[in-house]
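K.L.:
One-letter residues, chain by chain:
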Amino acid sequence: LAKTTQPISMDSYEGQEVNITCSHNNIATNDYITWYQQFPSQGPRFIIQGYKTKVTNEVASLFIPADRKSSTLSLPRVSLSDTAVYYCLVGDGQGGKLIFGQGTELSVKP
Amino acid sequence: DSGVTQTPKHLITATGQRVTLRCSPRSGDLSVYWYQQSLDQGLQFLIQYYNGEERAKGNILERFSAQQFPDLHSELNLSSLELGDSALYFCASSVRRITDTQYFGPGTRLTVL
Chain A
1 LAKTTQPISM DSYEGQEVNI TCSHNNIATN DYITWYQQFP SQGPRFIIQG
51 YKTKVTNEVA SLFIPADRKS STLSLPRVSL SDTAVYYCLV GDGQGGKLIF
101 GQGTELSVKP
Chain B
1 DSGVTQTPKH LITATGQRVT LRCSPRSGDL SVYWYQQSLD QGLQFLIQYY
51 NGEERAKGNI LERFSAQQFP DLHSELNLSS LELGDSALYF CASSVRRITD
101 TQYFGPGTRL TVL
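Chains as they are written, first to last, in our numbering: chain A, 1 to 110; chain B, 1 to 113.
Just so you know, the hints here were simulated from the structure itself, not pulled from any lab data. Bear in mind that the values here come from a model prediction, so they are computed numbers and not experimental data. Hints are supplied without guarantee of correctness; some may be wrong.
[Stated by the list, open to error] Within a straight-line C-alpha distance of at most 25 Å, the following computed BS3-like cross-link-like pairs (lysine-lysine) qualify:
#, chain 1, residue 1, chain 2, residue 2
1, A, K69, B, K9
2, A, K3, B, K57
3, A, K3, A, K54
4, A, K109, A, K3
5, A, K97, B, K57
6, A, K52, A, K69
7, A, K97, A, K109
[Said to hold, decoys possible] Selected chain A positions facing chain B (in silico; Cβ < 10 Å):
#, residue
8, Y13
9, F63
10, R77
11, L98
Backbone N, C-alpha and C fix where the C-beta goes; we use that ideal spot for every residue, glycine too.
Work out the full structure: start from the sequences and follow the hints.
P.N.:
So this is what it looks like as structure tokens:
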């Protein structure tokens with residue numbers, strides 16, 4: 001089964017760029033990589049999804065190398081409101097199961 | 001607001017009991033997913049239904065079962081409850097595939113005493 005690994009926590013300051021990396025071994029050919037943001041007592045919220053190379057939307061960028069065994073979520077110019085837990089999610093291709101990383105708690109300081 | 005609704009918001013029950021959690025997906029979404037979130041296990045995928053049929057199974061215990069009805073709402077049944085089943089249970093929905101963007105509901109917090 002696929003296993004995903006993320007740093008447990010990260011600290012940053014307002015206005016900085018933050019990069020969170022997720023390692024996912026055994027990612028299957030058809031699997032996509034999705035990142036979610038979660039605030040306390042709320043359900044996770046979609047940030048960005050990709051399959052390979054680079055994807056960018058209005059809030060983040062996602063970098064996926066050619067071997068797809070890792071992905072990096074990049075948050076440009078974070079603010080205090082970006083303090084949250086960030087999860088990567090990949091399908092492991094085995095009967096459609098989904099594997100979440102353990103989450104990275106990002107703390108943004110003024 | 002994701003458009004996914006879950007009831008009840010909170011549930012307190014005793015060990016050995018049985019409870020049912022309910023989820024209504026976003027309008028137009030055919031797939032429903034159930035997740036369990038606890039402090040020690042993190043977010044765990046339990047099961048997926050697509051248009052009434054079970055599509056994928058994760059780490060769901062035999063004491064737990066789910067179904068999706070013709071109107072596409074879903075229920076998660078938890079029986080013979082144990083203290084360790086205390087957790088947040090999230091429902092999510094997506095248009096179709098397991099790789100589609102999922103929209104999560106607000107969750108049901110289950111406390112087993």
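K.L.:
Against this structure, judge whether each hint is valid.
P.N.:
Hint check results:
no. : hint           : verdict
1   : A:K69 / B:K9   : violated, 37 Å
2   : A:K3 / B:K57   : holds, 16 Å
3   : A:K3 / A:K54   : holds, 22 Å
4   : A:K109 / A:K3  : violated, 31 Å
5   : A:K97 / B:K57  : holds, 6 Å
6   : A:K52 / A:K69  : holds, 10 Å
7   : A:K97 / A:K109 : violated, 36 Å
8   : Y13            : violated, 27 Å
9   : F63            : violated, 19 Å
10  : R77            : violated, 24 Å
11  : L98            : holds, 4 Å
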